Amino acid sequence: MNVGIIVEALYFGAVYGLVALGFTLVFAPTRVLNFAQGEALILGAAVAFKCLAQWKWGLVPTIGVLLVAGVLGGILSHFVIMTPVRISGSRNAWIIATLAAALIFSSMLSLWFENFSGFLQPEPFVAGTIKIGKGPSGSSFFDGQISGQQIFAFAVAIVIMLTYDQFLKRTIYGRAFRAAAHDPDTAELMGIGVKSVTMVSFIASVTVTAIAGFAASPLLAVGPASGLNYTFKGFTAVVIGGLGSAKGALAGGLLIGLLETVVRNEVNASLGNIVVAAALAVALLFFPSGFFGKPIEGH
Amino acid sequence: MLGRLDLRPKILPIIGIAVLLCWPLLAGQVGFLSPGREYVDLGTSTLVSVMLVYSLNIAMGYAGLLSLMHAGFLGLGGYAAGYFASRQGWPIIAVIAVALVAGAAIGAFSAAISLRATYLYFGIITLSLNNVLDEIAKEWRGVTLGEDGISAIPNRVDVIDGVQTPRGFSQWFPTTPRYLIVLAVTLAVVILHANLIKSRSGRAFQAVRESSDTASALGIRVSNVKITAFALSGAIGALAGVFFAYHRGFINPSIIAASPLVLFTGLLLGGSGTLVGPFVGVVLYAVLEKTLTKQHIIEQHPLYFWLVLGGIIWILLLAVPKGIAGSFQASPLARPFRPKRVTVANDQLRPTSEILSWATSTADGSASREPILVAAGVSKSFGGIKALQGATLSVRPQEIHAIMGPNGCGKSTFVNCITQFLHADEGTITIFGQPAATSPERVAASGVIRVFQVPHLFERVSALENVLTGMHLRARQSVISAMLRLPSFGRDERAMRDEGRQLLRLAGLGDKTDELAANLSHGQKRLLEVVRAVAAHPRILILDEPATGLTSEEVRALGVLVKTLRDGGLTIVLIEHNVGFVMEISDRITVMEQGRVIAVGVPTEIQGSEDVQRAYLGDGDVLAMLGA
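Chains D and S are the protein sequences, given in the same order. Those letters in the first sequence? Residues 1411 to 1709, by the working numbering. Those letters in the second sequence? Residues 625 to 1252, by the working numbering.
Check the hints yourself; a few may be wrong.
Unchecked claim - Derived DEER-like restraints, expressed as beta-carbon distance ranges: (1) D/Ala1688 x S/Phe874: 23 to 29 angstroms; (2) S/Tyr1240 x D/Gly1584: 29 to 35 angstroms; (3) D/Ala1688 x S/Leu1108: 36 to 42 angstroms; (4) D/Trp1522 x S/Ile737: 39 to 45 angstroms; (5) D/Lys1579 x S/Glu771: 43 to 49 angstroms.
Derived from the structure by calculation, the hints contain no laboratory data. Model, not experiment: these values are computed from the prediction. Just so it is clear, CB atoms sit at the ideal spot from N, CA and C, and this is done for glycine as well.
Chain S extracted, bound-state conformation (with noise of 0.2 angstroms):
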């Protein structure tokens, strides 16, 4: 059902590929594009870029740190095939794995030393460290020659343009090998990164531009994406800078920093976060560019060069606000070529039990009735706020279990003391007997998941890949085997792809699974995002006021889901204003006010407190008025 190849997502690229295959063909037959070798030059440089622009697309596109060091990278790369191979003699295959793991090691220290900075100080910092490359380009004088570079840079990999084609042959088809080794290589680089992003590694970059709290709720660690994220990006930059030494023939400072122009009309133009984007937009400034220098005027008064690109890109960009690959892909000219949509009929879903596997086995197995989740004296003050008072919880297996309160009673600060977002001054937090992992990713791995107060969707990726990126910390796929799309791998995504369906079913979303997650109603987000906690395979699942602004309609289909959680063996920690709801599905109940727990118990025993009714009603008088 699902395993079968689906053609027409595969149309365009084809056909892409197929040109590129062809085009020293084409720049040798068609008349205008003479003299046909100056056009596969054109062809390799627009390549190299294509490559950079990728790396680019990596950390920005889908990891969301904005890098404005990437012609940094590209002149890493680029003195690395100066320097050794220049210089020292080296071969190309030594030189390339040098500039991979020195653009690996400086990207993965640049995001290291930036860990905390946020999106626009990310910048800054990559920035003031480009400049830092920039000036010991410029300085370090005996192995990068200063500001003239390093010229006549041995082309290694014309390994074979010594040798003598017919002429005939060569007219008709003025490749060089240099093309089609570029070529080779940016297209691995461009397959290689299509399956990184579409798996586990991917999501979890994109889980984490969209916000890192979700994403270390889902047990993301977020430090270690944004270093891993920069470090490949940072390696594929250097490896485009060698193959960009060795077809220019020169490495300078100059040409290097000349280069942001193309990376951002490149990537913004393509599409930011795609998977052509960058392509396209790179192809396109390409075009832009040669087509300029043609131009008669242009070569009379070439200072109108810039004017005229700064006028067209600036054009373009009112013209294509999302990118050409972004406004493609939402209009109705993309129809044919979206995959096929896969839904789950009434009778191909599977029964509760099996869908929640691995909740009914464990739950079978602990008959004890044990509290697995426990607080005890937990206190937090902001400033002189004192938002939590010697709070205490303590829930048992396979139980909805409710925090209520009025607003402001410190329900979402226990919450988040709980799930370690933020840490108790005072307090101990057992989890399954455990004192609680002090981060929230480890907490989130040790079989607790929360669903926050306001929607946290991925909204610019389909209902499926939310839930996918919810199963980060069950995926059983190595970087390696995505991104060579290894049988493994491709079992790991099937049943993942399948089970995530299936659960989108239950919770009532199966006509929705592959729409837009921000197209969602209020209340589809709601449930889609219960059941991307539910992927994880918790045991403990935290949903933090989820009925807050649904209708009764959707309250009441909100109510069945987590019911039926609960009697496949989940727990379920239920923190809710909405009393009729509470009283209605919870099997107990603690309330809170002012910091502190001021009853716990059945939903009846709750009912009937007095110290209940005095926190949410005030005193006896208005109880008196309304008749209690």
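One chain only, chain D, in its complex shape (with noise of 0.2 angstroms):
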């Protein structure tokens, strides 16, 4: 155990952490629980691996890119997903129009690698490893290492948050999306346009989740089929954290990453997922609504 161990832990965190701000911004207004939200991560990280390593781009011109992928992939996700889950009107049209949209984007994320195995792993563009301590890694807790990218990710993790949260309080389009969450319909009366809320949640949540998947791409060793993956993770932060809370996210990534980190290294490599699953089961039964969300009735 030492502090590069921790480092390491507030980087996955903050990778979860983002994953799960992906799936609040959509539930919101939706209440959809989006099984696709990791290929969004999948999409960061081929972006980066597209544009870095095989075509030798900067760093400019690819975020431009990443930009485009997201705003795009949040339209087709709106697209796939909400089409099915309006016209059916039953509430449980969003498992199968989820999980049909992950089959679709994971196999498109496949064939644009096709002949391409291995991991999307772009060189670190943070470059750079800070040594802390005097002695030898890891032979006290003061003594490790730490990469400017996981430091980079998770700043750039923390910024997109506070972003998040300040516009949700300040800004009146934050009030609209915080009525559309509450009640889709009165905010339709209000004059909300409910429709569009939900797609621009779509795109930020898109967004956002690539943004977390190009940060992090230099050291998550990803493959294109993995998306499942981190859905699950995130799934599982933003469920501790509480559903529908932009701090929730955060926390409840943090907690995850920093569950998983520590076990693997200090305990058990296999035995991290076995932790994080128990770990949720057994918060779910204290906070069911998790840590800092609120109880949804009627669903």
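Using the hints, put the two standalone chains together into the complex.
Shown next as structure tokens:
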């Protein structure tokens, strides 16, 4: 156990937290839990890998492509998921709609890298590692290595969370978002275009998660088909933190990252997952709506 | 009149069973389905999935419990087969018994720990439990052999597979004993499931799915129903797992993880909460999957398989948003297969005293006018708001007792406290001389049934089914007799249906018996709710603002029904705004204002009371202006 492991935990926590924020963004106005959320993370990593490693572009055009991909991905997700949900009216329609979306997006990503096997891992674009402490890494708590990329990914997550929080609290659009989340029918009557709120939420959701994939890609070993794994991690984070809250998403993500990384490093590599699964089950029994969430009535 | 066999709804299921029995023949004879044996095996694995999806249908389709852990139940049965059959050499019957018990136990446990969770959170808890099961399968290597899983599970189902059949015969009918055994088990599961759904227990499941408040008002124990439904669902899921493992010959975590797609596609595309939907959905999925894998392009590029499959599922979701079975049942195509409607003709209507015999008999016996429902000093606060401040009520047998008062005076809170949907901070409530029970379903069981202010009908089933659900407390049919359709079940069910029709006829809904509740007008819905409550054979009936939003004609019909019930021996507590209606039909009236009772008496006394006039119309100046 050393400071390097803690920073690694924060880094994973930031990634899970941003996937969790993606979940929350879509869930709030639609009550849909998007099983395709992890695919957006892979999209970000894929863009980073394609532009930086394969086409050797600079960082700025890559970020441009990333944002465009996020917006297009959001529009596509909105279409694929919300069309059947709106037509059906069944409260279970979201399950199969998002499962179908996950299948479609995951196979599209796999097809994009059809003749490539390996991880979507560009070189770190925030170079360098910081050595902390005087002794060799791990000899005491304060001896360890921190990579700049980890710090960068963590910082990106914090900035996005704060921005989102301020947006919700301070702007009139934020109020419209909260109203649409609270009661879509009444919001519609107040002149808020709930449909556009939903569309924007999907765009923000996919973009945020894609940014996480981009910022984390150099260290995160993901393949084109590993989206579902991150869907479950982000899902766990958002549930522990509480659906519908940005603070909860970050807190849940950090908690999962910490738990998993510490257990993996200190106890047993394969025990990490079982601890996280059990922690979620136990946490839900005592905090049925997460640490920061409010109970969802009527769902 | 009612017992005669109606064959029309049975035509399609009989055709389906015939096709399944002849499937090996088809697979052997039709040229493009070759080799035949491969298609028989496809049939076997499809039937296993059918079983699994029926188990999900019980939990999700009927009881409304969002389950994301059915993959876990499948794995439970699969590993039971893998460990006990392959590694311990147990016979299949013992393995099945273990799987059923384990599935039921884990199902009951999962539901019991998440009783308070609403729809989505129930699903999330089940998903996390599923992850725990998945991790156990990966990590408990001594039993499960980890990620590799258990292979070479002996095919104990194929006890007579080794027997040589004449060559020509096996070409012609390339069946395996396994197919026939799995078919028999699956049909048994489907038929028992259908029998259960069309009985007291199945109606209780659906009542809980639609609204747990309504269910408990009718005396249904919501917690018990959830635990029972999920235990049953888990047991059948594990049973499917046993055959899954036997048929495939191996079990491992990744093959289990692949099952949610067929689970949800099968259930939701087929038709969730319908009797044939899961079967249709799974067969459709199997046909899709098989057809796709046979395509040349997919064989060249396997990655396109998932893209195309996802796309097709998505398009089907748009095409049949209610599921195939749901859309079919709502369409004119289904008309020839619907059961015959049975209506009660005028001359078949029995005398009111006979229909309401339970109330009439008790009313005749109790000549005393002692109050049967007494509330004394009831107080209830919500934060700083004192909704009730020492409210009192005394209801005598066989009277229509109205509770009236301006908006926000605490009428509904009072009723919620009496029926234990809310717990009073202070005060005592006595029902039939006993302290009131402490839960809504026990109050209902003690003979007090309430109707809610907002209509709480079960909209997706017929008017008669609504009334039958109301009979939950007094139905005398065990789960076993319902599943096996024993004669005792038939007698009870026929008597209930007969009485249900009579009650509907009594309320003037005789021609709406088989109509979906959702299709009734607002007034008819209110009447149906009263009938459903009466069907529970209450001695006290509490109606919360039944006349709200009704036309004057409908109010009149409601008044006639309420008076008929009173004359039949029921005691009625009526919470109402509509002063004219109250004055016309009540025997006695309690008037409330700001959480207190300000007047009690017969209608003429209340009309003369200055306190009441002030409460309704303000102070004297206004009264003077109105010329009062």
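Practice task
Just pull the numbers of the violated hints for me, sorted ascending.
Solution key: Hint check: 2 fails alone, others pass.
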